[in-house]
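**Q** Listed below, chain by chain, are the residues.
4 protein chains.
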Amino acid sequence: MSREIAQKIAEKFNSRRTLDKLLGIEFVSIDAGAAVMKLKLTEDMVNVYGSAHGGTIFALADAVFAYACNSRNIVSVAAGCSIEYLAPAFPGDTLTASGKFQGGRGRQGIYDIMITNQDDKLIATFRGKSHATKENVLGDTPS
Amino acid sequence: MSREIAQKIAEKFNSRRTLDKLLGIEFVSIDAGAAVMKLKLTEDMVNVYGSAHGGTIFALADAVFAYACNSRNIVSVAAGCSIEYLAPAFPGDTLTASGKFQGGRGRQGIYDIMITNQDDKLIATFRGKSHATKENVLGDTPS
Amino acid sequence: MSREIAQKIAEKFNSRRTLDKLLGIEFVSIDAGAAVMKLKLTEDMVNVYGSAHGGTIFALADAVFAYACNSRNIVSVAAGCSIEYLAPAFPGDTLTASGKFQGGRGRQGIYDIMITNQDDKLIATFRGKSHATKENVLGDTPS
Amino acid sequence: MSREIAQKIAEKFNSRRTLDKLLGIEFVSIDAGAAVMKLKLTEDMVNVYGSAHGGTIFALADAVFAYACNSRNIVSVAAGCSIEYLAPAFPGDTLTASGKFQGGRGRQGIYDIMITNQDDKLIATFRGKSHATKENVLGDTPS
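Residue numbers (this note's numbering), protein chains in the order written: chain A, 1 to 143; chain B, 1001 to 1143; chain C, 2001 to 2143; chain D, 3001 to 3143.
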C-alpha cells in the first residue's frame, strides 16, 4: 500500500523534474522513505580537470532525496543538505544514488544517500534534512 | 595582478561550464578568493510546489565556489559542501550568489557563499570546502 | 529592550550550564540574536598531539549558539550543527567565539559562529541550525 | 593484527582524554576504522529545558570519531564534523555511539557515527571528516 502510494508520487514527479531530465537522471525505484536513481556521466558533465562536476553528482543525490522525502505523501521540502566527495567519477561511469530515511523529530527528517559507481566504489555521501508541510502530495488522497 | 589572473581563470572556466550554461547562470565578477554570479529563475526551475528547486540554488552557489576556489591559479576541487535553505524563491526572482574565502589549513580552504534575491533577502547559505592540488589552472603561468 | 531581555536570559543560562563551567567557558556579551564567549585553553584540553581537542572548540561555539538562539526569549533547541577546523589552537591561547543570527524560515534559524585566537586568526567556523518551540525562556514574560 | 594495533591505540588514548573522563564517557570497543562508546546521562548534562545538552551528545560522538580515525595507526585530526539531533535524550538514559569509516580520498576520510539510546532509538547522526598526517600514533610501530 505504502509502496503503491510512493509509486504514484514518483509518476507525478517524473513528469515535472526538468533539471533532472536535462541532466539525464533516470528514475530506478521508490518505496516508502526510499528511492534509487541512476546517471550515466557524459563529457558535458566534467569540470575543467576531466572529472565529474560536483554539481552534477549533487543533482543526482538531490533528486533521490526529493523523491524519498515525499514518498509518504506528505509534501516535504529541503531544509538543508551536505555532500562529501570521496572519489572522482569520469565520463562513461554510471552513478547510482540510493537513499533512505534515517530518523526524524517533529516535521524534520534525515535522509542518507550514498552515491556509488559501476564498480560499487563509494563516490560521495549526501545527507539531506527535510521539512514536512501539512499538505498531501497526491491532492486527492487523504494521508 | 591577482585580480587579472582571476579574470583569466574566469574566461577559461566560462567557456567550459556546460551545466551553468544550461541553467542560465551568469558570471558577474571574480577576484582573488571571491566570485559573484546571478541567475534569473524560470518556470522550469521550480519544484512541484512552485518554489525554486534546491538543486538549482545549489548549482548557482556551487559555480561561485568553483570560480572562487580556483581564482588564485591553484587547481582546486570540492571536498564537500553544505547548503541551508532559509526562504523560498520563485520564478521571476533574480538570485545573486556572492562568495569568498574564509580561511584554511594546509590544502583545505573554506568558502562561504550567500544567496540573496532581488530584495536582498537571504535565500540560502552555502559553505564549501576545497582541496588544492599542486597544479596551476593556467598551465602556462607558474604560480 | 531586546538587549535587556537577552541579558536576563544570559543570567538564567549562566547559572545552569554545567559543562561550560567545567571547561572554563566565560560569558562575554549577549544581544538579540547574538552572543560572544571566551575560553583560555589549558593543557587538559589538548588531544594526544598537543593541539586543542576539537570537542573543546565545538563546546565553546555551541555555548555561543545556545545563548544567541534563545536570546529573543523563544525557547530554541539545536536541530543540527557543523564545524570546520581551519587552524590548530594550543594551550595558553585564548579563543573568542562570536556568533549571530543569519536568517531563517518558519521555526528554523541559522547562526554563524566564528572562533578566533588572540591574534585574530580564524581557528574554526561553526554553523548552527535552531528549532524554535512555542514557549518563552523567561516563563513570566510574554513574548 | 589490525584489531590489536587498534586496541593499543585505544589504551594510549584512554589515558589522556580528559574531557571524555570529565563527562563520564566509557570506552566500549575499537577495531580498524571503527569504535563504540557509551555515556550515561546525568542531571548535570541537561540544558535548561531538561533534555540532554547537544554539546554532550557531540562530545560522545566526537570521542568515537577520534578513536576510529586513529585506529589504523596513522595520526589523524578532525577537519570538520556535523551533527543532526533527531530525538531528545534525558537524564538516566544511556547513549551508545557507534562509528565506522565510510570511505575517503587521499588523506581525507569520512566516518559516520550513530547515537542511539537504551531502546535503540536514533538520537543523533554525526559525520566526521578526518585529515591524516604522515606520523604513526604508536611512535615505535612503523605503519
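One or more of the hints may lead you astray.
[What the hints assert, rightly or not] No more than 20 Å apart at the CA atoms, straight line, and that leaves these computed lysine-lysine pairs for PhoX-like: (1) A:Lys21 x B:Lys1021; (2) D:Lys3038 x D:Lys3100; (3) A:Lys121 x D:Lys3100; (4) B:Lys1008 x B:Lys1021; (5) C:Lys2012 x B:Lys1100; (6) D:Lys3100 x A:Lys100; (7) D:Lys3008 x D:Lys3134; (8) C:Lys2021 x C:Lys2040; (9) D:Lys3008 x C:Lys2021; (10) A:Lys134 x C:Lys2100; (11) B:Lys1121 x B:Lys1134; (12) A:Lys121 x A:Lys40; (13) B:Lys1121 x C:Lys2040; (14) B:Lys1134 x B:Lys1038; (15) B:Lys1040 x B:Lys1012; (16) C:Lys2121 x B:Lys1100; (17) A:Lys100 x D:Lys3008; (18) D:Lys3008 x B:Lys1134.
[To be verified] Some chain D residues judged to face chain A by a derived CB distance under 10 Å, without partners named: (19) Leu3086; (20) Ala3087; (21) Pro3091; (22) Arg3105; (23) Arg3107; (24) Gln3108; (25) Gln3118; (26) Leu3122; (27) Ile3123; (28) Lys3134.
Since the hints were made in silico from the structure, they are not lab data.
Glycine included, every Cβ here is placed at the ideal spot set by N, Cα and C.
**Q** Taking each numbered hint in turn, which are not upheld by the structure, reported in ascending numerical order?
**A** 5, 9, 10, 11, 13, 14, 15, 17, 18, 21, 23, 25, 28
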